[in-house]
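**Q** The numbering of the sequence shown is UniProt numbering, which starts it at 1 and goes up by one.
Honestly, I wouldn't trust all of these hints.
[As the list claims (entries may be wrong)] Okay, derived cross-link-like pairs now, EDC-like style, lysine to aspartate or glutamate, Cα gap no bigger than 16 Å in a straight line:
hint, residue 1, residue 2
1, K537, E480
2, K863, D810
3, K537, E477
Simulated from the structure, these hints should not be mistaken for laboratory data.
As the structure is a computational prediction, the values presented were derived from the model and not from experiment.
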Amino acid sequence: MGERLVPAAGEPTWLAGPWRRRCVLLVVFVLATLVGRSAQADGAHLAIFWPASAVGLLWLAGSPGRAARLSDALLLVGATVVLRLLTGMPVGEATALALSAAVQALAGAWTYRFLQPEGFRLATVAHLRSLALSSVAGAVVSAPLAGAAFALADVDAGLALLQWTLRTSVSTFVLLAVVLRTGERRPDAPGRSAPLLERVAQAVAFATVYLLVFWVFAGRAITFLVLLIAVWIALRRTTTLATAHVGVVAAVVVLATWSGGGPWQDLSPDLQAVCAEAFIGTLGFITLVLALYRDEGVDQAARAAAAHAEAARQADLLGAVFGSISDAVCVFDARGDSLLRNPAAERLLGGRGPAARADWNTRLGFFRADGTPFPPAELPVVRALAGEDVEQEDLLLVTADHPGGVLLSVSAHPLPRADGAVWSGGAVAAFHDVSEVRAAAEEVARAHDLLSSVLTAATEHAIIAVDTTGTVNVFNEGAERMLGWSAAEVLGLDGALLHDPAQLRETAAALDVDVRDVFRRAAELGPSTSRMTYVRKDGSTLPVSLTTSPMHDGEGRLVGLIGMATDVSELENSEALLRVAVDTAPVGIALVAVAGPHAGRLLRVNRALARFTARAEEELLAGGFADLVADGERPEVGELFADVLAGTVAEQTVEVRLAAADGRVLDAEVSAALVQLQGADPLLLCLVEDVTERRAVQAELHHRALHDALTGLANRTLFLDRLEHAVAASSRGPEGVGVLYVDLDGFKAVNDTAGHQAGDELLVQVARLLSGCVRPGDTVARLGGDEFAVVCAGASAEADLVVIGQRILDALAAPLRVRGHDAVVGASIGARWCPGDPATPVRVEQVVRDADEAMYEAKRAGKGRVVVHRGDGGTVVGAGASQVNTGY
Numbered sequence: 001m002g003e004r005l006v007p008a009a010g011e012p013t014w015l016a017g018p019w020r021r022r023c024v025l026l027v028v029f030v031l032a033t034l035v036g037r038s039a040q041a042d043g044a045h046l047a048i049f050w051p052a053s054a055v056g057l058l059w060l061a062g063s064p065g066r067a068a069r070l071s072d073a074l075l076l077v078g079a080t081v082v083l084r085l086l087t088g089m090p091v092g093e094a095t096a097l098a099l100s101a102a103v104q105a106l107a108g109a110w111t112y113r114f115l116q117p118e119g120f121r122l123a124t125v126a127h128l129r130s131l132a133l134s135s136v137a138g139a140v141v142s143a144p145l146a147g148a149a150f151a152l153a154d155v156d157a158g159l160a161l162l163q164w165t166l167r168t169s170v171s172t173f174v175l176l177a178v179v180l181r182t183g184e185r186r187p188d189a190p191g192r193s194a195p196l197l198e199r200v201a202q203a204v205a206f207a208t209v210y211l212l213v214f215w216v217f218a219g220r221a222i223t224f225l226v227l228l229i230a231v232w233i234a235l236r237r238t239t240t241l242a243t244a245h246v247g248v249v250a251a252v253v254v255l256a257t258w259s260g261g262g263p264w265q266d267l268s269p270d271l272q273a274v275c276a277e278a279f280i281g282t283l284g285f286i287t288l289v290l291a292l293y294r295d296e297g298v299d300q301a302a303r304a305a306a307a308h309a310e311a312a313r314q315a316d317l318l319g320a321v322f323g324s325i326s327d328a329v330c331v332f333d334a335r336g337d338s339l340l341r342n343p344a345a346e347r348l349l350g351g352r353g354p355a356a357r358a359d360w361n362t363r364l365g366f367f368r369a370d371g372t373p374f375p376p377a378e379l380p381v382v383r384a385l386a387g388e389d390v391e392q393e394d395l396l397l398v399t400a401d402h403p404g405g406v407l408l409s410v411s412a413h414p415l416p417r418a419d420g421a422v423w424s425g426g427a428v429a430a431f432h433d434v435s436e437v438r439a440a441a442e443e444v445a446r447a448h449d450l451l452s453s454v455l456t457a458a459t460e461h462a463i464i465a466v467d468t469t470g471t472v473n474v475f476n477e478g479a480e481r482m483l484g485w486s487a488a489e490v491l492g493l494d495g496a497l498l499h500d501p502a503q504l505r506e507t508a509a510a511l512d513v514d515v516r517d518v519f520r521r522a523a524e525l526g527p528s529t530s531r532m533t534y535v536r537k538d539g540s541t542l543p544v545s546l547t548t549s550p551m552h553d554g555e556g557r558l559v560g561l562i563g564m565a566t567d568v569s570e571l572e573n574s575e576a577l578l579r580v581a582v583d584t585a586p587v588g589i590a591l592v593a594v595a596g597p598h599a600g601r602l603l604r605v606n607r608a609l610a611r612f613t614a615r616a617e618e619e620l621l622a623g624g625f626a627d628l629v630a631d632g633e634r635p636e637v638g639e640l641f642a643d644v645l646a647g648t649v650a651e652q653t654v655e656v657r658l659a660a661a662d663g664r665v666l667d668a669e670v671s672a673a674l675v676q677l678q679g680a681d682p683l684l685l686c687l688v689e690d691v692t693e694r695r696a697v698q699a700e701l702h703h704r705a706l707h708d709a710l711t712g713l714a715n716r717t718l719f720l721d722r723l724e725h726a727v728a729a730s731s732r733g734p735e736g737v738g739v740l741y742v743d744l745d746g747f748k749a750v751n752d753t754a755g756h757q758a759g760d761e762l763l764v765q766v767a768r769l770l771s772g773c774v775r776p777g778d779t780v781a782r783l784g785g786d787e788f789a790v791v792c793a794g795a796s797a798e799a800d801l802v803v804i805g806q807r808i809l810d811a812l813a814a815p816l817r818v819r820g821h822d823a824v825v826g827a828s829i830g831a832r833w834c835p836g837d838p839a840t841p842v843r844v845e846q847v848v849r850d851a852d853e854a855m856y857e858a859k860r861a862g863k864g865r866v867v868v869h870r871g872d873g874g875t876v877v878g879a880g881a882s883q884v885n886t887g888y
C-alpha cells in the first residue's frame, strides 16, 4: 500500500481496505453534498455550510498512494458532477465546481502534510494552527476554479468568491475540528466537572440564550453573547466539550440563517451566509485557541509539578543513600572546610555537622601505615583539592576515640568548578576502615604458612584454597607443578583465573548465582566431587577430578573452600577413545534406563543405531526402547529382557523387529547386559545388530532348497514334507488325503522340435495352469522333467481328486503360446486317495507309488485321462480327455 498524504493512525477498522474505504467515503461524500445543498437559503447562490469540503479533504488525504489518490480524486469529481447535473446545473458550471472541490481537498491535504507531517491531530495549538491554515489554503487555491463556475452562472463573482472562500474554509475547519477532537486518543485535559443537575441547568440556560439571540431578539448587537458562552465553556470545560459546542453553535447559526431568521435577516441572502460563516469561523477559532492554550498550561503545570516531585524524591533518595553508606564520606569546599559528612564520617572523625580545616591538626593525627607522620601536603584530601585523583591511599588516623589509630583506605577526587556553588573547586573523600581486613589478612597469611608446610609433600595433587570471595590463599607445590603458576603469582588473585571461564559460567547458572559467588555457594553446599577444567599458565586446559570441602574458623563460621584436584587427562583420553569406538562401532549400541521414572528411556545411542533406524540421535534420546519396536509388538524393557534383569543370566539375546523412521521394518538381534555403576541406578547395555539382510539371504536359500528353480513350485523335498503333514493330519480326523501324479503328454516333441528354452517356457506356463486348477491349501510340485504332483490335503473322497484332475485336463486342452507358436500338450494323471482312518496307518511312500502306477496306467490306456488307484482294488479310469495333439 502506498504512502498517504496525511497519516491517520486512529482510522476506524470499518475503513480498512482500499475499496471498502473508497466506497464508504464516497457514500459519506454524497450524503455530505446533499446535506450542504439543503443548507442553501432561498435566493442565495451558495449553501451556508458545506460539509463535503471536509469529507473530500479527509478522503484524498488518506488515499494510499498516488494512483489511489488520482482514482479517488476522479471519483470525487465524477460524483460532484453527477449530483450537480441532477439538480439542473449546466455541465460547464458543474464541472468547474467539481474540479474546484477536488483541488480544495488536495491543496488542503498537502498544506496539512507540510505543516503537520505526523498526521491528523487536535491536541495542541500547533495542531489547531495547521488545521486552520490548511482549511484556508484549500479554499483559496480552489477559488479560481469556483470563480470560473460563477462566471458561467452570471452571478456577482466578487461576493460569490468571498462566500465560497469563507464557506469552504469554515466548513472544513469546524467539521474537521469536531472529527479530530472526537478521535483524539490522548486523555482529555482537565476541565472542571460539575454535578449532573448543574450541567443540565447550564445546558437549558445556553439553549435559552441561543433561542433569544437567533430567533426572539434577532439582532447583531447581542449575537456576541454566544461568544461569551463559548469562551466560558473553553476555559471551564474540557476541550472535547468546547469543540462539540462549536459544532452545536454552527448548526444553530446555519439553521437560523437558512430559515430566514438570525441576526442578519435584514441583509441579502448571500450577505447573510457570509456573516454566518464569518461568525462560525471566528467563534470556533477563538474557542479552540483558548481551550488548547488552557490544556497546554495545565500540561505544563502538571509536568512542572511532576518534575518538582521527582527532584524532591531524588533528593530524598540521595540523602538516604548518602546516610546509609557504611564508609565515611566527606565533602570539602575549596578551602578544605567540610561542608557535608555522613553519619559514618561523624562517628569516625568525631563531632557533628561541618568542620573547619584549621581543626585538623588539633583534633586529628595523620600517619602512614608504618607509623611515620604523613606530610600535610601529601594528605589525600589536600592532593584532591589541588586537582589530583587519589585512589586507595593507606592512612593511619588517630582521634580521641581511637588513640591507637584506625587504618583507613582513602580515596579522594576533586569536584568541578561551578559559579555560585559552595562546593565549587572542592573535593569529596571516602574513608574505608581496613583495620580488621588487614588484621584478618595477616592471620590468613600465618595460617597459610602453616598449611603450606603441611601440604608441601602433596606433589601429585593440586591443593588450592580460596576464601568466600574467591581469593586464592593456598596454592601448594602440586598445584604449581600441575598448572605452571608459582604460588607467589597466584596468591591473592581471584580463583576464577584458574578455571575455564565458560565452565565457570555454566556452574554459576546451575547454582543460580553470579560468577563471583560460585566459590561461596559451593562452600555452602558442602563437600562434593566433580569434573572441572583448569587453565594452565600457558593457556592450555587440564581436566581434573576436583573434590572440594568448606573451611570454617574456630567459631564455626564459613571462611572459604579448599579443593584437591587430580589430573584425569589420561582417563579422559581413554574415555574419548572409548567414545570414538562406541560411535564408530558397526553395531548399534544403546544405554537404557531400567529403574526410576525414566525406565525404558534411551540414555545414550551411537551413530550405527541412528543409521539403522533412520533417526537423529536427539530423536532417539527423546524416546524409549519400546518406541523403536515395530507396531503390534511394543514390549516393555522389563518383559523383553526379564532374564538378564532378574539376574538369572549375565547376557540375554533376543530377536525383535525395529521400525525405521523411513518406513522400513528391520530384523534385529539385541544382546543385553546389566551394567551397575557406582552410586547410580543400573543401566542396560544393548548391542543391536541389523540382521535383515542375513535373514533375507537365509529365507532365499531356504526357499531355493524347497522349490523348483524353473517354475517356483514346490520341489520333491517340500512335496514329500507337505504330504507327510497331510497324512498325519488325516490320521487324526475324518478327512482323507489325496495325491495326483501328473505327467505331460507330448512335451518331448515340443522340447525336441523347438528347443530346451521353449520347453522351459512351456513348463512355466503349465505350472501356472496347475496352480490355478487346485484348491486353496493344496500343494503343486514339480518332481522333475515334465512330471508334476499335487498334494490334496483334506480331500473327502476320490471324486475330489477326479474333479481336480479333470480341471487340469480341461486347462491343458487349450493351446499354449510359446515363442510365437501354439503348442498343445496333454497329461496322464494318476490319483490315489486315502480316507482319514486312525486305525489304518498310511505310508507316504506307498501313496506316491500308487499314484505313479495309476499315471502309467493312464498312459497305457491312451493318455489324456485320470486313473484312480484304489490300493488292493486296482485302478479305474476316473475321467478322460480328447486326443492329444503333439504337434508344434
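**Q** Run every hint past the structure and note whether it holds.
**A** Quick rundown of the hints versus the structure:
no., hint, result
1, K537 - E480, "10 Å, holds"
2, K863 - D810, "14 Å, holds"
3, K537 - E477, "15 Å, holds"
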